[in-house]
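Student: First to last, the protein sequences are chains F and S.
Numbering (the numbering used here) for the first sequence: 1 to 216.
Numbering (the numbering used here) for the second sequence: 1 to 216.
Incorrect hints may appear among the rest.
[Said to hold, decoys possible] Only pairs whose alpha carbons sit at most 30 Å apart, straight line, appear in this in silico DSS-like list of lysine-lysine: (1) Lys-152/F / Lys-64/S; (2) Lys-152/F / Lys-216/S; (3) Lys-178/S / Lys-186/F; (4) Lys-33/S / Lys-178/F; (5) Lys-186/F / Lys-126/S; (6) Lys-64/S / Lys-200/S; (7) Lys-216/S / Lys-178/F; (8) Lys-215/F / Lys-178/F; (9) Lys-131/S / Lys-141/F; (10) Lys-111/F / Lys-216/F; (11) Lys-141/F / Lys-152/F; (12) Lys-216/F / Lys-131/S; (13) Lys-178/S / Lys-126/F; (14) Lys-33/F / Lys-126/F; (15) Lys-216/F / Lys-152/S; (16) Lys-152/F / Lys-126/S; (17) Lys-149/S / Lys-178/S; (18) Lys-200/S / Lys-126/F; (19) Lys-186/F / Lys-54/F; (20) Lys-216/F / Lys-149/S; (21) Lys-216/S / Lys-149/F; (22) Lys-43/F / Lys-21/F; (23) Lys-186/F / Lys-152/F; (24) Lys-200/S / Lys-131/F; (25) Lys-91/S / Lys-178/F; (26) Lys-178/F / Lys-13/S; (27) Lys-33/S / Lys-200/S; (28) Lys-152/F / Lys-200/S; (29) Lys-111/F / Lys-141/F; (30) Lys-13/S / Lys-141/S; (31) Lys-91/S / Lys-152/F; (32) Lys-33/S / Lys-149/F.
[Said to hold, decoys possible] Looking from chain F toward chain S, a few residues come up when the C-beta cut is under 7 Å (computed): (33) Glu-17; (34) Asn-159; (35) Arg-160; (36) Leu-167; (37) Met-168; (38) Gln-176; (39) Ile-177; (40) Leu-180.
Hint data in this document are derived by calculation from the structure and do not stem from the laboratory.
Please read all numbers here as calculations on a predicted model, not as lab measurements.
In this text, a Cβ means the ideal position worked out from N, Cα and C, and glycines have one as well.
There are 2 protein chains.
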Amino acid sequence: MVMVIEVRLKHVKGAAESVEKSSYVIIEEEAQKGQMQSLFINKAPLHIEIGMGKGNFIIENAKKYPHINFIGIEKYDSVIIRAVQKLEEEKLDNLKLIRMDATNIDKIFEKEVDTIYLNFSDPWPKDRHAKRRLSSSTFLKRYDAIFSKEKKIVMKTDNRHLFEYSLMSFTDYGYQIKELSLDLYKDDYPDNIATEYEEKFHTLGYPIYRVSVNKK
Amino acid sequence: MVMVIEVRLKHVKGAAESVEKSSYVIIEEEAQKGQMQSLFINKAPLHIEIGMGKGNFIIENAKKYPHINFIGIEKYDSVIIRAVQKLEEEKLDNLKLIRMDATNIDKIFEKEVDTIYLNFSDPWPKDRHAKRRLSSSTFLKRYDAIFSKEKKIVMKTDNRHLFEYSLMSFTDYGYQIKELSLDLYKDDYPDNIATEYEEKFHTLGYPIYRVSVNKK
């Protein structure tokens, strides 16, 4: 059975304005290239999530790991606004958000990222769209330019074909698999922080795949 | 649910003698080290299966691919005898069998193997037995010595933890993942040849994992 979930992007009135006004959101992000650390109170390892959606994963990470700086990236105002709303009553000085298309990731960061999270990314199921997948060599090349030293990518998805493709793409590009679960919720994984999608799909009984890869 | 399948090794009367008498079985295999090709009528790429069990996989491969030479390896007389019995009425000049423990694989072969098949290998679930897994670095080191040029390993299993471990072990050792299926019977895979175990576990509804890795 193939289940197709259509994600409707609702127009949220005033979203763009509210996003730009939030102190959590980095605007004129290209001007910060290579010096994102200056936006945070403490200098710390920088972890980014590309495609953070409504932000549950990165917000919970920021709360749990105060000694890591986090930046969440999301393309759509109507989605990122949900994260901004969640953050209204929080005081997190180790989290920032950027509204941007991941295609431009290497125009925003330069040799300053320690870990990239790819959670439930768009699978782009058609072969001719493979280059758009966030784990394609097209993107891995961009990531090369934004990593500080060791390269580390942590991916979760419920999409089997995207996961198979990603493992091949990572190892073909020289990454080694350091942690791997083909059924996350059957393994003992107390530190897992779920995304909104993950909660839904896990509850529906789908296996969640997770991998951590790195490259020297 | 964890299902434990106990494999009883029956004592098969006269198995050792019947195995030794078969023209398919290589005896004094150490004397052939580095010159296995001389046992076959045609010089051809050499593919071996370590732990062939009752032999369905390698026998069907030998029938389907006459231009490849195959050697099946199995430790137990009481198991290899089943393959010998199946072969009694066949005339396959591209298949040989060896009764031996895989631990000694590098005492038997030298720079002459093109592909290794590991099908439904013993998972050795306890951490302290990890070195006994056929995909551990202990074995990968032995395989280095027996491969002719490019190294290629094709693995199938229904054991999730063994598969996760193996993908990490392979990529940690420098192998790249070239083909991957996390649910073989849901993918379009017309050339698949099933082992006896695979038939049983697939029928019970378990996903079958398959990977092909190589290393320059």
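Student: A separate judgement is required for each hint: does it hold in the structure or not?
Tutor: Now the hints, each set against the structure:
For the given pair, Lys-152/F sits about 43 Å from Lys-64/S by alpha-carbon distance, which is inconsistent with the 30 Å threshold. A threshold of 30 Å between alpha carbons decides the hint, and for Lys-152/F with Lys-216/S the separation of about 24 Å falls inside it, so the pair holds. Among the hinted pairs, Lys-178/S with Lys-186/F is consistent with the structure: their alpha-carbon atoms are about 27 Å apart, no more than 30 Å. Simply put, Lys-33/S and Lys-178/F have alpha-carbon atoms about 36 Å apart, too far for the 30 Å limit, and the pair is violated.
With a C-alpha separation of about 18 Å, the suggested pair Lys-186/F and Lys-126/S falls inside the 30 Å cut-off, and the hint holds. A distance of roughly 22 Å separates the Cα atoms of Lys-64/S and Lys-200/S; the hinted pair therefore holds under the 30 Å criterion. For the proposed pair Lys-216/S and Lys-178/F, the alpha carbon gap of about 21 Å is at most 30 Å, so the pair holds. Between Lys-215/F and Lys-178/F, the direct Cα distance comes to roughly 10 Å. Compliance with the 30 Å bound is thereby established for this hinted pair.
About 35 Å separates the Cα atoms of Lys-131/S and Lys-141/F, which puts this hinted pair outside 30 Å; it is violated. Taking the CA atoms of Lys-111/F and Lys-216/F, the gap is about 14 Å. The hint holds against a cut of 30 Å. For a cut-off of 30 Å, the pair hint linking Lys-141/F to Lys-152/F stands: about 13 Å separates their Cα positions. Between the alpha carbons of Lys-216/F and Lys-131/S the distance comes to roughly 25 Å, so the proposed pair stays at or under 30 Å and holds.
Of the supplied pair hints, the one linking Lys-178/S and Lys-126/F holds, its CA atoms being roughly 19 Å apart against a limit of 30 Å. Between Lys-33/F and Lys-126/F the alpha-carbon distance is near 33 Å, which puts this suggested pair outside the 30 Å criterion. Using a Cα cut-off of 30 Å, the hinted pair Lys-216/F and Lys-152/S holds, with the two alpha carbons roughly 24 Å apart. Annotation: proposed proximity of Lys-152/F to Lys-126/S holds, straight-line Cα distance about 28 Å (limit 30 Å).
For a cut-off of 30 Å, the pair hint linking Lys-149/S to Lys-178/S stands: about 17 Å separates their Cα positions. Between Lys-200/S and Lys-126/F the CA atoms are separated by roughly 33 Å; this puts the pair beyond 30 Å, and the hint is violated. The hinted pair formed by Lys-186/F and Lys-54/F meets the criterion: a straight-line CA distance of about 26 Å does not exceed 30 Å. Only pairs whose Cα atoms come within 30 Å are accepted, and Lys-216/F paired with Lys-149/S is accepted, the gap being roughly 26 Å.
Note on Lys-216/S and Lys-149/F: the hinted pairing holds, with a Cα-Cα distance of about 26 Å set against a maximum of 30 Å. For the given pair, Lys-43/F sits about 24 Å from Lys-21/F by alpha-carbon distance, which is consistent with the 30 Å threshold. For a cut-off of 30 Å, the pair hint linking Lys-186/F to Lys-152/F stands: about 24 Å separates their Cα positions. Proximity of Lys-200/S to Lys-131/F is assessed by CA-CA distance (about 39 Å); at most 30 Å being required, the pair is judged violated.
The suggested pairing of Lys-91/S with Lys-178/F is violated, with an alpha-carbon distance near 46 Å, which exceeds 30 Å. Distance hint between Lys-178/F and Lys-13/S is unfulfilled; the C-alpha atoms sit about 47 Å from each other, more than 30 Å. Our distance criterion of 30 Å between C-alpha atoms is broken by Lys-33/S and Lys-200/S, whose separation comes to about 35 Å. Restraint check for Lys-152/F and Lys-200/S: not satisfied, since their Cα atoms lie roughly 39 Å apart, outside the 30 Å limit.
The hinted pair formed by Lys-111/F and Lys-141/F meets the criterion: a straight-line CA distance of about 13 Å does not exceed 30 Å. Pair hint Lys-13/S plus Lys-141/S does not hold up; C-alpha atoms about 37 Å apart against a cutoff of 30 Å. Only pairs whose Cα atoms come within 30 Å are accepted, and Lys-91/S paired with Lys-152/F is rejected, the gap being roughly 53 Å. Annotation: proposed proximity of Lys-33/S to Lys-149/F is violated, straight-line Cα distance about 45 Å (limit 30 Å).
Among the interface hints, the one on Glu-17/F is violated; its C-beta lies about 44 Å from the nearest C-beta in chain S, farther than the 7 Å criterion. Against a cut-off of 7 Å between C-beta atoms, the interface hint on Asn-159/F is violated, since the closest Cβ of chain S lies about 11 Å away. Evaluation of the Arg-160/F hint against chain S yields a held restraint, the C-beta minimum of about 5 Å falling below 7 Å. At about 5 Å, the closest approach between the beta carbon of Leu-167/F and any beta carbon in chain S falls short of 7 Å, and the interface hint on this residue holds.
Nearest Cβ of chain S to the Cβ of Met-168/F: about 5 Å, under the 7 Å cut. The hint holds. For Gln-176/F, the interface hint holds, since its Cβ comes within 7 Å of a Cβ in chain S; the closest pair sits about 5 Å apart. Below 7 Å, beta-carbon pairs count as interface contacts, and Ile-177/F has one with chain S at about 5 Å; its hint therefore holds. Look at Leu-180/F: its Cβ gets to within about 5 Å of chain S, closer than 7 Å, so that hint holds up.
Going down the numbered hints, you'll see the structure goes against 1, 4, 9, 14, 18, 24, 25, 26, 27, 28, 30, 31, 32, 33, 34, while the others check out.
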